[in-house]
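Q: Listed here are the chains, written in short residue letters.
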Amino acid sequence: MLLEVRDLHVEFRTRDGVAKAVNGVTYGVDAGETLAVLGESGSGKSVTAQAVMGILDTPPGKITGGEILFQGEDLLTFKEEDRRKVRGAQMAMIFQDALSSLNPVLSVGDQLGEMFTVHRGMSRKDARTKAIELMERVRIPAAAQRVRDYPHQFSGGMRQRIMIAMALALEPALIIADEPTTALDVTVQAQVMDLLAELRRELDMGLILITHDLGVVADVADKIAVMYAGRIVESAPVHDIYKAPAHPYTKGLLESIPRLDQKGRELYAIKGLPPNLMNIPPGCAFNPRCPMAQDICRTDVPPLYEVDTGDGTRRSACFYWRETLDARTD
Amino acid sequence: MPAPTETTEAVRPAATTEPILEVTGLVKHYPLTQGILLKKQVGAVRAVDGVDFTLDAGETLGIVGESGCGKSTVARMLVNLEKPTAGVIRYRGEDITKLSGRALKAVRRNIQMVFQDPYTSLNPRMTVGDIIGEPYEIHPEVAPKGDRRRKVQDLLDVVGLNPEYINRYPHQFSGGQRQRIGIARGLALRPEIIVADEPVSALDVSVQAQVINLLDRLQSEFALSYVFIAHDLSIVRHISDRVGVMYLGRIVETGRDAEIYDHPTHPYTQALLSAVPVPDPEARAHRERIILTGDVPSPANPPSGCRFRTRCWKAQERCALEVPLLAVPAEFRLTTGPAAHDSACHFAEEKRVVPVEEPPAEGVDDLANGAK
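From first to last, the protein sequence lines stand for chains A and B.
Using the working numbering, you'd call the opening residue of the first sequence number 16 and step up by one each time.
Using the working numbering, you'd call the opening residue of the second sequence number 1364 and step up by one each time.
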């Protein structure tokens, strides 16, 4: 396995108390594979990714437990210096908001070239050539002319392509994309997602795609991990989860999205709100919002059960995963 | 008088009501100037460039489009936050763009807005009671002073918030709850029309459904007409009776929801629909995707003729020369099917891009068998 996160715990110590953002996350991704991490705001999906990349703000953040194995080595035992060599060269990240992730006072060519001058010790001239190559690779038209342009001179979709180019620059083994298309329009979103999927195939990279959009996940992911209140509540190959979710939260999410192909009746709405991370309910964190909750859900934390579909690929953190799997709403 | 047959005049009186809102030739240009002292106009951003639509009482009109297409500018003109450069907005037959003073104030009471971002559209220094009650300061005839607190509490109850929260501040609420506060404020004056600009796009999926259901319920409870503006096509279909698709300041296709979603004839609508990620991995296999090249052109310098032609795979010489009108295309004019709706394209043709779902009964059986 290319990357394996094991039982990761992250806390934020704030003035108001300790926010438990990540509470025992375990997931893995292979080379050439796309793992989608799905969750709402505050579910801990981005914090987990930041911990993997080693860009967590510490303090207030603190990794309080777990392992992050990258190509077999635990990154959490690395010195900061060694960590920096991994970051950028072997794993790279694409952020949601390209405009605020790019430096507004440097031309895109300089920012792309920097990857090569800093990590590879290339001359500025060679780096410039490389930058143009990269821009062509992510299909920015007239790359040679645009290499001197500044981020604000590009459209949102083009800027996101530059972010992708930057992540690809050193041909990393793993790319983490945090909501890469959320800020884009649908027609541009489709272009960018296609590009990302194609490059992943070409370079045989592992891709972790962090998103809240069930539609995007269905289009590109191989497997999916659903997060809620800092835990993985369900993980499965992408086909299975849409066909028959094994956790009430996933099921609720799938039922609450309006459909493009029909005019719905009233939407199913998950009642209530996601929990406050400083005060996560005891037992299963989802129990106050769950239609199936029983007494045990309010006292005991459900383990991540293996859902016995035969191949051992599905997991659900619900005492009643079997009932959820069998329950059909319509 | 003998009833005339088969003419449009015969149809019109048969319709139950006249439209509550009628927009004709709506235009908004923002001037581009050069020079500091003598501001010379060197051009204009044509944000909205000739938009027509009607809204019937009790109906929901959805307007979809990508960023920069002018949909929010239309919304702002409807509630008089922007003055149109040209065009007419008729509310119950009266052109509200010409009104001022007391007459305008009376009309504005009846057309209210719900904004996109519940974090910036509520004043952080005002309590929820003051925010929702503020419209009564401007229109004191709606609620006498002593009655206001109770009215605000009623409104909180209507939108599903605890009436005891009346003295809290916006930061004490979550995004979904804040949007409910924004909706309560929009309802305070008992308007007839609510213009909602991306009301759920800042919310998480699980909360989005709650707010959409709330808007649905309020519509029947208060007999509201909605202009619902959004970029999310699935949500627009869910809530709308009719849909208008905007591109670069113009409506390119409009019709009832099934006409637009199941029988689109404009290439832009087809591309837009085909690009929507569908949360069903089975569907993606037998689904044609149209990936457009390039970006939306600048509204300061839109293409001649058809504005979509620079990204359109069907574009021909005629498209650069002749502006296509928003009307039922000639090839469908004699048919009565769902493809016969307004579409501004010289080469309109029907194309099904949203995968058809198999009958639900069959689907459920398949799944049930698979699980056993």
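You may find that some hints are simply not true.
Partner residues are not named here, just some residues of chain B that face chain A (Cβ under 7 angstroms, in silico) [to be verified]:
| no. | residue |
| --- | --- |
| 1 | Leu1552 |
| 2 | Glu1555 |
| 3 | Ile1598 |
| 4 | Ala1638 |
| 5 | Val1641 |
| 6 | Ser1661 |
Ranges of calculated distance between the beta carbons of each label pair, as one might list FRET restraints [as the list claims (entries may be wrong)]:
| no. | chain 1 | residue 1 | chain 2 | residue 2 | range |
| --- | --- | --- | --- | --- | --- |
| 7 | B | Lys1402 | A | Gln105 | 33 to 41 angstroms |
| 8 | B | Ser1463 | A | Thr29 | 47 to 55 angstroms |
| 9 | B | Arg1455 | A | Lys278 | 26 to 34 angstroms |
| 10 | A | Ile70 | B | Glu1694 | 52 to 60 angstroms |
| 11 | B | Leu1400 | A | Asp97 | 41 to 49 angstroms |
| 12 | A | Asp315 | B | Val1505 | 36 to 44 angstroms |
| 13 | B | Glu1527 | A | Asp315 | 32 to 40 angstroms |
| 14 | A | Arg135 | B | Ala1449 | 55 to 63 angstroms |
| 15 | B | Gly1509 | A | Pro296 | 37 to 45 angstroms |
| 16 | A | Thr29 | B | Arg1553 | 37 to 45 angstroms |
| 17 | A | Pro296 | B | Pro1526 | 47 to 55 angstroms |
| 18 | B | Arg1553 | A | Glu82 | 54 to 62 angstroms |
Keep in mind that the hints were calculated from the coordinates and are not lab data.
All residues carry an ideal CB built from backbone N, CA and C; glycine is no exception.
Q: Of the numbered hints stated previously, which ones are contradicted by the structure, given in increasing order?
A: 1, 2, 6, 7, 11, 12 and 17
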